[in-house]
Amino acid sequence: MSPRRMPLVALMVVALLLAACGGGEETPPASAGGSEGATEVSGSLFAFGFGYESGDEIAKVRVDRFREEYPDAKVSFSESGFEEQPFLSALASGEPPDVVNLPRNTIGTFIARGVLAPLDDCIAQQGIDMGVFYDAAVSQVTVEGTTYALPEFFNSRIWIMSNKAFKDAGLDPQELDVSDWDAIAEANEQLTKTNGNRLTRIGIDPKLPEFLPLWSWANASDIISEDGLTSQLETPGVAEALEYSNSIHEAAGGRTKFLDFRDTWDFFGEENQFAADQLGANPFEQWYLNVLADVSPNVDITVRPFETRDGEPFTWSDGNAWAITADADNPGAACAFIALMTAKDTWVEAGEARAKMRNKENKPNLGVYTGNREADEVIFEDLGLGKWPSFEQAVQTILEVQENARSIPPSPAAAAFETAWISAVDGVMTGGDDPAEALAAADQEAQEAIDAAAR
Amino acid sequence: MAVKDREIDRSYIPDIDRPQEATQPGSRAANLATRAFFLATLLAATALFVYPLIWLLSASLKPAAEVFSSDFIGSEIRWDNYTRLFAMAPMLTWTWNSVIVSFLAASTVTISSAMVAFAFAYFRFPYRNVIFSIVLATMMLPGAVLMIPQFLIWDYLGFNNTLFPLWAGNLFGSAFYIFLLRQFFLGLPRELFEAANVDGAGYFRMWRSIALPLTRSALIVVFIFELKVAWTDLVRPLIFLRDVELFTLPRGLKAIIDNPQIGGQQQWELLAAGSVIVTVPMILIFFAFQRYFIEGIATTGSTGK
Amino acid sequence: MAIRSTDPQQHATGPADEPKAASKRMTNRRRELLWALIFMSPWILGFLIFMAGPMLWSLWLSFTDYDPLVPVTNFIGVENYQELFSDPKIRTSLWNTVFFTIFNVPGTIISGLVLALLLDKVGRAAGFFRTAFYLPNITPAVAVGALFLLLLNGRDGIVNQILRSVGLPGPSWLNDPAWIKPGIIMMMLWSVGSTVIIYYAALRNVPQVLYEAARVDGASAWQQFRNITVPMISGAIFFTLIINTIASLQLFTEVYAMFFGSQQSGAAGEAALFYVIYLFSNAFEFFNMGYASAMAWLLFVVIGLITLVQVKASKRWVYYEGAE
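Protein chains in written order, with the numbering used here: chain Z, 1 to 455; chain Y, 456 to 760; chain V, 761 to 1084.
So here's chain Z without its partners, still in its complex pose (with noise of 0.2 Å):
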C-alpha cells in the first residue's frame, strides 16, 4: 500500500473497531435524524420535567455518567416534574425543550400533536434494541409501528397489605382470595375499625378514581380500545368494577368520612398508615415501597399481585419515558441522552448506587424496576433483603407479575380521556351519580376529544 493510502485504510480499520464496538459499553457519538458520519455530541442541552438537583441518587448516577460520557456536552435541566401547562407554553414561545421526560400515560397527546420526534433513526444510530424494554411499557410509546420514546421505570401496582390489621381481624393475608369480590368486601367488612363514630382504621382503600383500570381489567374490561381510538367506558363490565369498588368505601361510613380520614393520613412520614394501623390493605404502586423501607424499614406487610377475577395474576404498569421534541436544537446530543438515560448499563450503576447508599443507612434496598429486562436482571440479582423478609418477599412479588402488565394504550386525547374518566368515578364516589350513566357521560365526552385530536 502507498502511503498516500494508509491514513485511508487506518480510519476504515477504526471504523470497523468502532462498529464492532457499538451498541455495548461504548455508545459511540451519533445524531438522532440518521446522516453521514457520527457527529460529535456537544452543545447544550435542556431536558423538561426532570431534576438533577431535585432528584435522587438514581437521577444524580446517570445524568453523571451522561456527563462523563460526553464531556462536551451541557445538560440542564427544568428542575421541576412534567406539567403540561410549562411543556406547552414553553413550545407556544418558541422556546421548545430538547428532550423531555413524561409519563407514559399522556404521551399520545404529544405525539398526536407533532411535537415530538419519531425515533426510529435515533434508535438505529444508537443501536437500541427495543426489545430489552418490558412489553406493557413499549406499547405505550409505540403508535402505527413508530417509537415516539424510550421507557423509563416500571411501574407496578400490587397488594400491599397490613399483617397487623389482618392479624387484628383474624385474617390471613396469604390465604385471601383476592380474585374473589366477595371474599374482599367481606374482608373489608372485618378490617375496618372505628372507635364510636370516628374512624382509625380503613378497610380496604380502592384507590379510586386513579384504579379504575385495574379494577376494570380484573373485570376483563378494557376501557379503551388497544389502538387507543375508542373510548370503551360505557362497556358494562366497568361499570360493574365502579360499582364494586366504589361500594367499599360504605365499610368506613360512607366516601366523605373515607376521604376526611385519609386525607390525614402521613403518607411519607414515620406514623405512615401502615405503622400506624390506619390502613387493612389497598392496591398501591410498588414505589410507595421505596418510601417504607426509607421511613419505616421493618413495616409488617405481605405484597401479593391483583388478580383478575378469574384468578389470573396481573398488574398494571406505567412510568415515565424521555422524548425529543420535534423542533429541538441539538437533536444529537438529545439523542445520546435519553439512549444513556435508558442503558442497562447506566441503570446498573444507578442501582449499585442505591445499594450502597440504602447499605449505609442500614435500610432495605428495594432495587429500582428500570423498564429495561436486562438491567432488572443485574440489579435485583442480589439485594440482601434477608433482614427485612417482608419487602423480599414483595420484590420477588413484583418482579415476578411484572411480565403480565396491562398499560393504558396511548391515545390521541390521552389527557382529555383520563379527565374524562377521572371526574365521571368523583362524581360517582363524592356526588352519588349512578355509574352507568356517569360512565356513559365520560364515554360520549372522551370519544369527542379523542375524534377531535385524530384528525
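Simulated coverage check for chain V against chain Y, where a stretch passes if three residues somewhere in it have a Cβ under 8 Å from a Cβ of chain Y: (1) 804 to 816; (2) 885 to 892; (3) 914 to 927; (4) 954 to 963; (5) 1011 to 1019; (6) 1050 to 1064.
Since the hints were derived computationally from the structure, they do not count as laboratory data. C-beta atoms are modelled at their ideal positions from N, C-alpha and C, and glycine is treated no differently.
Fit chains Y and V to the supplied structure of chain Z, relying on the hints for placement.
This is chains Y and V only, laid out in the frame that chain Z set:
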C-alpha cells in the same frame, strides 16, 4: 333630618398624621357595664381572627402525626420541619425573587402614579375631567379580560418565563393609586407652586422637590399597599413563570401544595411551615407600617367612589 | 375637592398689556399642556398598550378559535358565545360564583358593620382590635388557602373539633360537594377586616351633634341607628357593596390554591369551579384562548350589569349631603 353643609367637616383630604383615634372620650362610650360587654365580644371576635394564624405557627413546629391537634406545643418542637422544607424546595431563591419583584413593583407604581396624579391635580388642560373619568373607569375592568392579551403581548416581547412581567406593568401607574395620590396633591396649597414658579423652577422640579416631600405619608401608603399586593400575587406567576427557580414565594407555596414530593397534601407540617414563611414578612411589614395600612384603607372608603 | 388658589394667569395690568398677556397665556397654556402630557405619559402609554389595545384584541379573539399552539387561526363568528350557552361547566361555574357572591357580600357587609359598631363603642381600645381584625387581610391568599386546607379537614380540622365540642356534627368541608362552598364562604369572611376599617372610619365621621339632637327628641337606640347611622355611612356601605361584589365575582387565588392546579380535585372539581378558575383553565391549561376570551367578555357584561343595577338602586338609599 335636614343637615346644613356648614355644620359638617367636609375635609375629605385625609390626614395621615392625625390618626383617627377616639378624641371624644366620654360621649361615645356607653356606661361601664355595656362597655365591658362590648369589649368581651370584641375579644371573642379577635380570637376568631387571630387564632388561625397562631395555630398555623404551632402546627408548623409539630411532628407530622400531631399537626391537627389543638395543643399549642406538640410532644416535641420540630425545627427540622423548616430545615426539611428548605432542603426540599428552593425557599431562599423563591424569597429572593419575591423581594425583588415586590420592591420593583412598589417603587415603580409609586413613582409613576405620583407623576400621573400630579398631572391631574395641578395642571389644567382641556378634557381633564373626562380623561380622569376614564382613568377611574379602568378600575372597573375585570382582570380576566386583559389577562390573555397581556400574556400574549409579554410573550411576543420575549418576556415569557421571566420576572419582568410580574412588575413591569406598574411602570404605567395604577388607577387606584393615581386616584389616591391626586387627593393628596389637591390638598397642597397652590401658592407653594406659584412661589417656585416665580423662582424659575420647572414643573418636574416642583413635582420632585415640593409635591413629593409634602405627601410623603401618602407615598408610603401607596408603596406599602403595592408591596403587599405584589408579594401575595399568585395569578401573574402562574401565567408567566415556568422555571421553578423563578417562582415567587406564593407560587412556590402552590407548587408545594400540588407536589407530594416537596411537601404537598400529605405532609401537612411542611405545608404549614411554608405558609408561615410566606406570611411572616407581611406580618412584620404590617406591624412596622400599621398606621399607613389602616389610614390607606380608611381613606379609600371615606372618599367613596 | 377644593383647589385652594387663585388663577395664576392673572398678571395682566392693563389694556395695553392685553395682547402680550394673551400671547403669554397661550404659550403658558401650551406649556402646561405639554408638561401635563409628559407627566401623564406613563398612564397614557399603559392605557393604550396594556388596556385599550388588549380590550379590543380580547374582543377580536373571542370571535376566533385562537390556540397559540395551532398555527392556523380561524374566524368563527359567534360560535364561542354559542358554546357558552351549551357548555355545562359555564352554568356550573356561574352558579358557583353567584352563589358565593350572594352569601359573601351581605355576610361581609353585615359582619363588618357589627364589628365596626362594636369598635365604635370601646373608645381608644379600638385601635388594638382593628389591627387584629386586619391580620387575615395581610396574609397572602395562597397561605390562606393552605391554612384552610388544614383547618377544614373533615376529621381532624380545628373547625370541626370546635363544632363537635359544642355537640354539632362536623361536615366534610373539603370532600362533600354540599359543604365545599360554605367552607369557602367561611374562609373569605375571615378577611372582613378591611371592610371593618372602612366602616369604622365612616362611623367616626358621623357628627355627634346628630345623636345628641336625636336623644333630646327621645329617639331610641334603634331609631338612632336607622335614621342617623345608616344614612350617614351609606356612602361607605355603597362603596364596599360595589367593591366586594366585583371582587367576589372574580374570586380565584384562594380557591385555585386549594383545589386546582396540577393535582386532581375530586369533589371540588365541580363544587368549587369558580368562573375565573374555569376561564383561567381554558386559557392557560387548554389554550383555548378564543373561548376563554368570550368567557371574559361575558364576565365583563355580567359585572357591568350587576354594578349598574346597584348604582341605580343606590339613588334610593345612599345619602349624599350637599353637592359633591
